[in-house]
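Colleague: Each chain, letter by letter, is given below.
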Amino acid sequence: MKLILRKQISLKLSVNYTYNNMKILKPALILTKASFKVQTRSVVIFLLSFMSPLCYSVILITQIILNYHIVKNPFINISLEMYLLTFFVLQMIVFLTFDQSQRHVAKEILSGSFDYILLRPINLFYYKYFRVPSLMSVVMTIMYLTAIIITTIMYNIPVSLVVQLLLFVVFSSFIIINIRSGMRGLVFFKRDILNTTRVEESLNIFVINKPPEIFPIPIQIILTVFIPYIVVHNNAFEVLRGHGMFYTWTLTGIWILLAVGFNRCVWYYGLKRYESG
Amino acid sequence: MKAYWFIIRNSFKENNQSITTLAISLLQPGILIAGYFMFYNYITRDLHNGINTEFIIYYLFIVMIATLDIPRLGTYIQGDIQTEKYILIDRLPMKPFNFYFMHSIGKSGGALMLYAVIVQAYLIYLQTPITIQLAFIPAVILAFVVGHLITFCTATTAFYFENMHMWFFSIIFEFTSGKMIPLALMPPALSFFFTWLTPFGYAAGTLARYLGTQDYGSLALAGVIAMLWVVVLYWATNIFWNKGSFYFQEYNG
Numbered sequence: 424m425k426l427i428l429r430k431q432i433s434l435k436l437s438v439n440y441t442y443n444n445m446k447i448l449k450p451a452l453i454l455t456k457a458s459f460k461v462q463t464r465s466v467v468i469f470l471l472s473f474m475s476p477l478c479y480s481v482i483l484i485t486q487i488i489l490n491y492h493i494v495k496n497p498f499i500n501i502s503l504e505m506y507l508l509t510f511f512v513l514q515m516i517v518f519l520t521f522d523q524s525q526r527h528v529a530k531e532i533l534s535g536s537f538d539y540i541l542l543r544p545i546n547l548f549y550y551k552y553f554r555v556p557s558l559m560s561v562v563m564t565i566m567y568l569t570a571i572i573i574t575t576i577m578y579n580i581p582v583s584l585v586v587q588l589l590l591f592v593v594f595s596s597f598i599i600i601n602i603r604s605g606m607r608g609l610v611f612f613k614r615d616i617l618n619t620t621r622v623e624e625s626l627n628i629f630v631i632n633k634p635p636e637i638f639p640i641p642i643q644i645i646l647t648v649f650i651p652y653i654v655v656h657n658n659a660f661e662v663l664r665g666h667g668m669f670y671t672w673t674l675t676g677i678w679i680l681l682a683v684g685f686n687r688c689v690w691y692y693g694l695k696r697y698e699s700g
Numbered sequence: 007m008k009a010y011w012f013i014i015r016n017s018f019k020e021n022n023q024s025i026t027t028l029a030i031s032l033l034q035p036g037i038l039i040a041g042y043f044m045f046y047n048y049i050t051r052d053l054h055n056g057i058n059t060e061f062i063i064y065y066l067f068i069v070m071i072a073t074l075d076i077p078r079l080g081t082y083i084q085g086d087i088q089t090e091k092y093i094l095i096d097r098l099p100m101k102p103f104n105f106y107f108m109h110s111i112g113k114s115g116g117a118l119m120l121y122a123v124i125v126q127a128y129l130i131y132l133q134t135p136i137t138i139q140l141a142f143i144p145a146v147i148l149a150f151v152v153g154h155l156i157t158f159c160t161a162t163t164a165f166y167f168e169n170m171h172m173w174f175f176s177i178i179f180e181f182t183s184g185k186m187i188p189l190a191l192m193p194p195a196l197s198f199f200f201t202w203l204t205p206f207g208y209a210a211g212t213l214a215r216y217l218g219t220q221d222y223g224s225l226a227l228a229g230v231i232a233m234l235w236v237v238v239l240y241w242a243t244n245i246f247w248n249k250g251s252f253y254f255q256e257y258n259g
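As given, the protein sequences belong to chains A and B, one line each in that order.
All residue numbers for the first sequence refer to this note's numbering, where the first residue is 424 and numbers rise by one.
All residue numbers for the second sequence refer to this note's numbering, where the first residue is 7 and numbers rise by one.
Chain A extracted, bound-state conformation:
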C-alpha cells in the first residue's frame, strides 16, 4: 500500500509539473473561491479580522507623526510625507506577502497529510502560495495602494519615483515569498524549524519602517549579506532618496537569484526526501 502510494505521488508530481495552464486554472480558481467563501461566511468575523491590521496601521502612523513632533527632521532628506509614502509601500509588502498558505503547507508536511495533496490534480506551485488566500490581505493591499496614489497626488511626488517604489514592492515581495517558502520547506529536514517563525516576526518588527542608517554598520552588513532584511525593507528609503541606486538594485538582483535558488533547492531535495521517507 505504502509503495503504491509512493509511486502515485511520484507520478502525480511529474504530472503536476507538466500540467498545462488551463488545466491548472480551474481547480485553482475553485480552491480560491471556496477559501474566500469560508472567510466571508460571517460578516462580523470578517470585519473583526480587519480590526488588528487597521488599528496597527493607525498606531504606526501616530508613531511616525509623533516622531516628527519630537524631532523636526530626524532623518536626512526624508520629510514627513516621504516617510509616510515609504510606510505605505512597506505595509503593502507586508500584506502582499502575508503568509497563511505556506504555514498551512508546512503543517501538512509535519502531520503527513501532504501525501493527499500531491495526489490531487492541483499544481504544487499554486498550492504552496495560494492555498489559503487571505481576503483581508487583498483588501489591505488595495487600501495601501490607494493611500500611495493619494499621497503622490497630494504632495506632488514625481511619478517616476512612485514607479520605482512599486518596482521595489514587486521585487521585495518576490524575494520574501521565495525565502519564506524555502524556510517552510526546511520542515522536510528539521521538524522544529517552524519555531523560528517567532524570531522571524521579531526581526520583521526590528527592521521595518526604519531607515538603514539607524543600525550600526556590523548589523547593516549582517542584514544585507546574510539575511536580506535591509534589501527588502529599508532600501525603500534609499530608493526614495535616490542614493546609491546602482548598489540598491544590484543587491536586489543578487538576492532574487539567491532566494529563487534557495527555494527551489529546498523543495527539490525536500520532496525527494519526503517521497523516500
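Derived by calculation from the structure, the hints in this document are not laboratory data.
There may be inaccurate statements among the hints.
To be verified - Covered stretches of chain A (in silico footprint by chain B; criterion: 3 or more residues with CB under 8 Å from a CB of chain B, positions within the stretch not fixed):
#1 468-481
#2 484-497
#3 626-637
No residue lacks a Cβ here, since even glycine has one placed at the ideal position from N, Cα and C.
Please build the complex by placing chain B on the supplied structure of chain A, with the hints as guidance.
Modeller: The following block gives chain B in isolation, referenced to the frame of chain A:
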C-alpha cells in the same frame, strides 16, 4: 504552594525542553526591543551627548517585560475558554488568574532568569546607583504582575465574542504601555495620561521611565500606584471570569 510550584515546574519543562527553544525565547524579545532602542537612540542623538544611560535603563526594563508574550498568553487563555477547558481550570483549588500566572512564569522563566542576570551585570557595569540596582527586579516583578492582570482581563472577552483577536489588544497595549514610543518622548498631555491615569503604563513604561531618570520620589509614588492597580485588577479578574463563565454557560449550554 505545592500546587503552584508544580504548575511552574511543568510549564518550565514543557517550554524549555531544548536549547533551541530557550535561545528563541531569549532572542525574540531582545531583537524586538533592540530595534526600538536603536531607532529612538538615533532620532534623539542631538538631544543627548554620548551614551544615553536613561534610555539604556528604560529599554533594559522593557526587554525583561517583553519576555511576557502578551498575544500568545491571551490566545492561550482564549483557546481554553473556546474549547471549554476553562471548566477544568475552574475546578482547580486556586483562582484561574493564579493558574495562568504561574503557567506564564514557568513558560518564560528560562528567558526571564537569564535576562535578570545579564541586566543586573550590565547595570553594575554602567555604574548605576545601588538603589536603582536594588529597585530594578522588584519593579520588573510589579510590572509583570500588572501586565498579566491586564492580559487576563482582556482575554476574558472570549466568553462573549468568539473571534476576538488578541493581537488587537496587544497592539494597543504596546503603544499605551510605552514599549513602542518611550513615555518621556510623547507629547506632555499624552505622556501624563498613559503614565499616571491608566494601568497600561505601570505594566512597562512608567516604572522604567523613573528608574532611567533616577527620580526616586516619582519611582516610589509609581510603585505605590502600581500596587493599588494590582489590587483593583486582581479584584476585576475574578468578576470578569465569573460573570463571563456564567454568560458562556447560559448561552452556549
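Colleague: If a hint holds in the structure, say so; if it doesn't, say that too.
Modeller: Going through the hints against the structure:
Here's how the region 468-481 of chain A fares: 7 of its residues keep a CB closer than 8 Å to some CB of chain B, so the rule of at least three is met and the hint holds. Coverage of the region 484-497 of chain A by chain B holds in this model, with 8 residues showing a Cβ closer than 8 Å to a Cβ of that chain against a need of three. By the rule of at least three residues with a Cβ nearer than 8 Å to a Cβ of chain B, the coverage given for the region 626-637 of chain A holds, with 7 such residues.
Consistency note: the structure conflicts with none of the earlier hints.
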